[in-house]
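Required output: the full structure, derived from the provided sequences and hints.
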Amino acid sequence: MEFETILRNLAKKEYRPIYLLHGEEPYFIDKISGYIEKNVLTEEEKSFNQTIFYGKDSDPRIIADTAYKYPMMSGKQVVIIKEAQTLKEIEILRNYASKPMPSTILVICYKYKTLNQKTK
Numbered sequence: 000m001e002f003e004t005i006l007r008n009l010a011k012k013e014y015r016p017i018y019l020l021h022g023e024e025p026y027f028i029d030k031i032s033g034y035i036e037k038n039v040l041t042e043e044e045k046s047f048n049q050t051i052f053y054g055k056d057s058d059p060r061i062i063a064d065t066a067y068k069y070p071m072m073s074g075k076q077v078v079i080i081k082e083a084q085t086l087k088e089i090e091i092l093r094n095y096a097s098k099p100m101p102s103t104i105l106v107i108c109y110k111y112k113t114l115n116q117k118t119k
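So the sequence shown is numbered by numbering that gives the first Met the number 0: it starts at 0 and just counts up by one.
It should be emphasised that the hints constitute simulated quantities derived from the structure, not laboratory data.
A quick note: this is a predicted structure, and the numbers were derived from the prediction, not measured.
Hints are supplied without guarantee of correctness; some may be wrong.
Only pairs whose alpha carbons sit at most 20 Å apart, straight line, appear in this in silico SDA-like list of lysine to any residue [claimed, not checked]:
(1) 68 x 17
(2) 30 x 63
(3) 112 x 52
(4) 11 x 47
(5) 110 x 54
(6) 45 x 29
(7) 75 x 47
(8) 112 x 2
(9) 55 x 14
(10) 110 x 84
(11) 87 x 50
(12) 75 x 61
(13) 45 x 2
(14) 98 x 61
(15) 68 x 57
(16) 112 x 19
(17) 110 x 23
(18) 11 x 25
(19) 87 x 61
(20) 98 x 15
(21) 110 x 33
(22) 30 x 14
(23) 12 x 24
(24) 87 x 63
(25) 75 x 39
(26) 68 x 31
Pairwise CB distance ranges (calculated) [unchecked claim]:
(27) 11 x 61: 19 to 25 Å
(28) 61 x 1: 15 to 21 Å
(29) 16 x 111: 23 to 29 Å
For glycine and all other residues, C-beta sits at the position ideal for the given N, C-alpha and C.
Given below as structure tokens:
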């Protein structure tokens, strides 16, 4: 999906359960993830329903467990993984991707690289 299409859908509140943002151009990855981080939830909802992980400091099992939680006092929960290219054992998230939580928006920011086909 193209950058403009994703932003247009987000502006219309048409959300996907998973956004795998990857490639050589970090500008587009940052723009989309920043939009989701700032606009999907209200400020009140963010404290309970928005979690940001940083790849090298995170365990993919904990990320998946967080993504499977139900949101509190909100219809949605946002889970963002920044610098996912440094996440060890990212393939563990494949199980989550095969059956994502409908109320969670998982954003995976995988910069400067593309995932190999086995990981996708």
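Which constraints among the numbered hints does this structure fail? Numbers only, ascending. 2, 4, 9, 13, 18, 23, 26, 27 and 28
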